[in-house]
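These protein sequence lines map, in sequence, to chains A and B.
Under my numbering, think of the first position of the first sequence as 1, with each following residue one higher.
Under my numbering, think of the first position of the second sequence as 1, with each following residue one higher.
Calculated directly from the structure, the hints in this document are not laboratory data.
The structure displayed is predicted, hence computed values, not measured ones.
Among the clues, some could well be false.
As the list makes no split between identical chains, a pair holds if one copy fits it or if it spans any two.
Result set (SDA-like, lysine to any residue): computed pairs, CA atoms no more than 25 Å apart in a straight line [to be verified]:
#: 1; residue 1: Lys48; residue 2: Pro538
#: 2; residue 1: Lys241; residue 2: Gly547
#: 3; residue 1: Lys241; residue 2: Asp223
#: 4; residue 1: Lys319; residue 2: Arg516
These are the residues of each chain, in order.
Number of protein chains: 2
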Amino acid sequence: MTGHSDIDIARAATKAPIQQIGASLGIPHEALLPFGHDKAKISAEFIKGLAARPDGRLILVTAINPTPAGEGKTTTTVGLGDGLKAIGKKAAICIREASLGPCFGMKGGAAGGGYAQVVPMEDINLHFTGDFHAITSAHNLLSAMIDNHIYWGNALGIDARRIVWRRVLDMNDRALRDVVTSLGGVANGFPRQTGFDITVASEVMAILCLSTDLADLQRRLGDIIVAYTRDKTAITARDIKADGAMTVLLQQAVQPNLVQTLEQTPAFVHGGPFANIAHGCNSVLATKTALKLADYVVTEAGFGADLGAEKFLNIKCRKAGLSPDCVVLVATIRALKMNGGVTKADLAAEDVDAVHAGCANLARHLENLNAFGVPVVVAINHFDGDSAAEVDAVQTRVTELGGEAILCRHWAEGSAGVTDLASRVAALADGGSANFTPLYPDEMSLLDKIETIAMRIYRADSVVVDDSVRRQLAEWEEAGFGHLPVCMAKTQYSFTTDPTARGAPSGFTLPVREVRLSAGAGFVVVICGDIMTMPGLPRVPAAEAIGLNSDGFIEGLF
Amino acid sequence: MTGHSDIDIARAATKAPIQQIGASLGIPHEALLPFGHDKAKISAEFIKGLAARPDGRLILVTAINPTPAGEGKTTTTVGLGDGLKAIGKKAAICIREASLGPCFGMKGGAAGGGYAQVVPMEDINLHFTGDFHAITSAHNLLSAMIDNHIYWGNALGIDARRIVWRRVLDMNDRALRDVVTSLGGVANGFPRQTGFDITVASEVMAILCLSTDLADLQRRLGDIIVAYTRDKTAITARDIKADGAMTVLLQQAVQPNLVQTLEQTPAFVHGGPFANIAHGCNSVLATKTALKLADYVVTEAGFGADLGAEKFLNIKCRKAGLSPDCVVLVATIRALKMNGGVTKADLAAEDVDAVHAGCANLARHLENLNAFGVPVVVAINHFDGDSAAEVDAVQTRVTELGGEAILCRHWAEGSAGVTDLASRVAALADGGSANFTPLYPDEMSLLDKIETIAMRIYRADSVVVDDSVRRQLAEWEEAGFGHLPVCMAKTQYSFTTDPTARGAPSGFTLPVREVRLSAGAGFVVVICGDIMTMPGLPRVPAAEAIGLNSDGFIEGLF
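Could you build all of it, start to finish, from the sequences and the hints given here?
See below:
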């Protein structure tokens with residue numbers, strides 16, 4: 001790719017005052033809580049008043065399995081929103097907030113790219129409106145209250161070996177993964193081993209993103225299981241009496257954030273749960289609010305369609321009563337080539353055969369998505385080096401599969417490069433052909449839910465589950481948690497648990513290593529393979545080059 | 001005291017839009033970065049443009065030694081600001097931000113009381129504009145980068161036993177005081193013992209509050225000493241290359257916050273360093289900005305005058321080139337009675353003799369403050385149960401000492417109850433009699449500075465300093481830190497290190513337990529007695545009763 005850097009483009013953008021963006025959606029001045037001149041929260045009271053309005057069309061953007069080549073899912077979400085606006089539709093986008101910690105590790109940003117970006121990108125990647133800080137505070141208040149309860153006599157009889165609630169920080173800090181606390185004598189409590197996760201991995205984050213209002217938020221916070229007694233009775237945040245104070249800490253954070261794209265399309269940027277141990281979507285409140293205010297709402301799900309779309313559909317849509325009208329499956333020629341066996345170093349050379357081979361990955365995702373009953377269109381996110389023959393190969397293959405693949409140039413051209421896709425998506429969403437059905441019913445057993453996803457989405461031959469995991473699942477079903485959906489935590493790079501197995505592998509087994517109950521969020525996490533919930537910093541962290549230049553602009557962050 | 005609760009009064013207040021408060025100080029709309037409708041940050045660019053303007057009068061509010069009876073220093077600061085406005089002066093106040101963590105321990109708030117409050121008090125006591133969260137992030141980024149540096153090979157040769165930089169959280173969490181990190185094997189680094197302090201105890205907080213602009217902030221952050229090598233060479237945040245990224249994280253936080261009092265007087269609420277291991281004043285940037293925009297600026301210092309005013313004058317004023325025009329010394333009849341030997345249970349009964357005895361504490365503070373060359377007036381902050389004879393006793397005693405004590409009823413009456421004090425303060429500040437001189441010159445040795453404060457402010461007979469501490473001080477002088485002021489950390493309840501020794505004790509020695517170098521903030525911390533830098537939660541934390549009521553208002557926080 002050539003041209004200006006993302007940050008140059010973002011800084012050159014003319015931003016409308018956020019009140020003007022709000023007004024374009026019919027949000028009155030007093031219902032917007034401004035954060036500076038270009039960010040705002042939408043007041044909970046205003047949102048409550050929208051309940052009777054009809055919903056707009058919901059469009060999900062998902063992708064093939066991610067590769068180091070880049071797929072541009074967020075970029076396409078932003079571009080499609082701008083494209084819909086350009087063809088005269090009242091559109092909005094909904095995406096996740098970025099985690100602050102990782103910005104200081106690897107260079108990066110999470111607000112799109114090129115001429116399809118959300119601004120102000122510096123703020124979105126740093127403190128933004130403070131939501132993640134509020135989640136950190138609420139999470140760690142509960143942690144402190146657990147140890148404090150034990151310190152003052154442990155009336156609830158918590159078994160200190162069975163405390164499952166850790167602490168969090170929005171920082172890449174490997175030293176905190178595994179720690180011993182309460183050293184130093186009587187005044188500091190009872191020493192025990194625990195650790196920190198990054199804030200986006202907090203169950204509080206998942207809860208904030210699945211809550212429908214403050215009362216629902218507090219109920220879910222109260223349901224969090226923090227520990228067990230010696231006889232394995234669950235102790236909840238409600239037992240610790242932390243749910244009220246946690247709700248107070250989150251009262252502001254739970255209100256959706258409004259910003260804008262480079263083309264002044266309204267953008268809801270709210271919530272950012274991990275896409276492995278959590279469901280990886282922006283908040284239900286943001287999506288629902290956007291649907292009340294716009295005719296077309298474009299949103300995205302984390303990672304590839306095997307993880308992100310599956311969870312969006314089986315967890316978020318199911319739980320929130322959402323029903324998508326169209327799905328966009330993003331692919332790039334480069335990523336297809338990597339799925340077809342090309343290494344990153346060789347991506348520049350034309351290789352139609354590799355594209356062909358890589359289409360196996362695309363084809364499987366397409367087939368999977370079709371099974372949900374929602375119309376799907378493939379978006380080819382164009383990169384400068386893509387050849388016409390390569391693009392043609394993808395379009396031909398998708399047509400053979402009964403689908404349609406549309407080339408998009410939003411990265412280079414903004415909305416002008418994506419009107420074809422926008423028109424097709426609007427037609428599909430308006431066509432009324434969507435008939436969304438989740439993959440499995442609530443009543444299915446937890447183990448069957450895991451197997452259904454493994455067999456039908458990943459195409460594993462079998463699932464390997466230890467007896468101890470089976471017993472755990474049975475206990476939870478006994479305790480009334482059998483109706484919950486399952487939240488799969490596995491590598492995003494492959495349908496399998498082997499991150500190097502690109503394309504469309506078959507003949508493999510899915511090993512389930514561990515299961516965890518997120519009783520507040522409302523799902524059972526199924527861990528397949530190594531899942532890191534506290535990243536570390538690289539040898540040369542991006543932070544070393546981050547600073548303010550003489551004009552007061554941030555350098556080195558992107 | 002009777003009447004409505006603080007929170008009822010605060011919620012009944014009519015707040016002006018923050019733009020209107022800004023306009024009353026001549027701040028244009030675009031120079032205010034709003035946070036909701038009632039809070040804003042003042043842009044750094046606008047502040048830069050004020051440099052050539054003349055300064056208003058600076059008025060310091062301090063107090064006798066605090067007691068459980070309450071003195072109302074912040075309440076008096078707010079009331080005096082309102083009183084100055086009521087008599088037609090262009091006034092503003094400058095106070096500290098509240099720490100979030102302690103609000104969940106003991107019930108409380110830090111925004112004044114009665115009819116002399118700063119609003120919105122819920123926000124000020126919780127996340128406010130996110131400054132403390134930004135400080136937590138910047139502090140912990142440095143912590144993570146230190147361990148990361150060692151993990152990847154330790155090119156700087158840091159001695160892991162000599163890392164002096166800990167981590168912070170804005171939470172009362174005793175379990176984190178003393179921890180072992182990096183357990184769990186090779187991937188998590190080298191295990192070592194460390195701990196967490198509460199965010200207000202972070203040197204980053206002190207630095208933010210003493211910085212004059214972004215360049216100064218970054219220089220100070222770079223100067224932080226984080227560790228030593230085996231041969232005791234200091235390793236700084238600059239060596240770790242963290243200063244640029246920390247500055248980026250603090251870029252927004254360093255801009256002063258503007259809110260308002262119940263009477264719509266502009267209130268700068270910015271920064272909140274500990275008043276023991278740090279200097280305990282709001283930010284230099286807030287004070288300097290207020291002085292450019294208002295004719296009278298009322299500010300406060302932490303704890304009693306022996307700690308707070310001493311540090312305000314010897315650290316903040318010296319380093320920032322500020323020169324106060326008047327000092328207000330706050331006392332209450334109740335607190336004087338406790339200083340005179342009455343227990344809290346017996347405070348309701350009239351006791352003129354005890355008031356008389358307690359005046360010894362007041363008298364010593366008055367004498368101490370007079371030595372700084374700034375005119376002092378005593379404010380008697382009236383409580384409902386105070387008798388006329390008790391008030392008279394104080395006024396008589398202060399007159400005998402050559403001073404003046406004015407009764408104030410701002411808690412019950414707002415500005416109408418404090419116009420006498422306001423008029424007198426304005427006259428004193430305008431009178432030109434102030435001739436501020438710090439207690440000691442920069443060139444004095446560190447040990448002599450400690451002894452000067454101990455003998456002349458506390459009135460100790462002698463200072464006990466271990467040889468190891470003497471050697472440490474000598475080493476720092478050798479290394480070029482001898483010109484720094486000293487920051488005394490001792491109990492706030494007494495002139496001595498014994499918190500139960502009220503009144504005006506004499507014939508005691510001051511033991512110096514430990515000294516610490518805050519090279520970025522620019523002072524040497526002198527620890528006398530036990531200083532807690534990470535509080536714990538009580539048996540029944542306030543958090544248990546905190547929640548939202550059915551109207552969405554916060555209950556139990558105040």
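Going down the list of hints, with the structure as the test:
no. : hint               : verdict
1   : Lys48 with Pro538  : neither (45 Å within a copy, 37 Å between copies)
2   : Lys241 with Gly547 : between (42 Å within a copy, 10 Å between copies)
3   : Lys241 with Asp223 : within (11 Å within a copy, 43 Å between copies)
4   : Lys319 with Arg516 : within (19 Å within a copy, 54 Å between copies)
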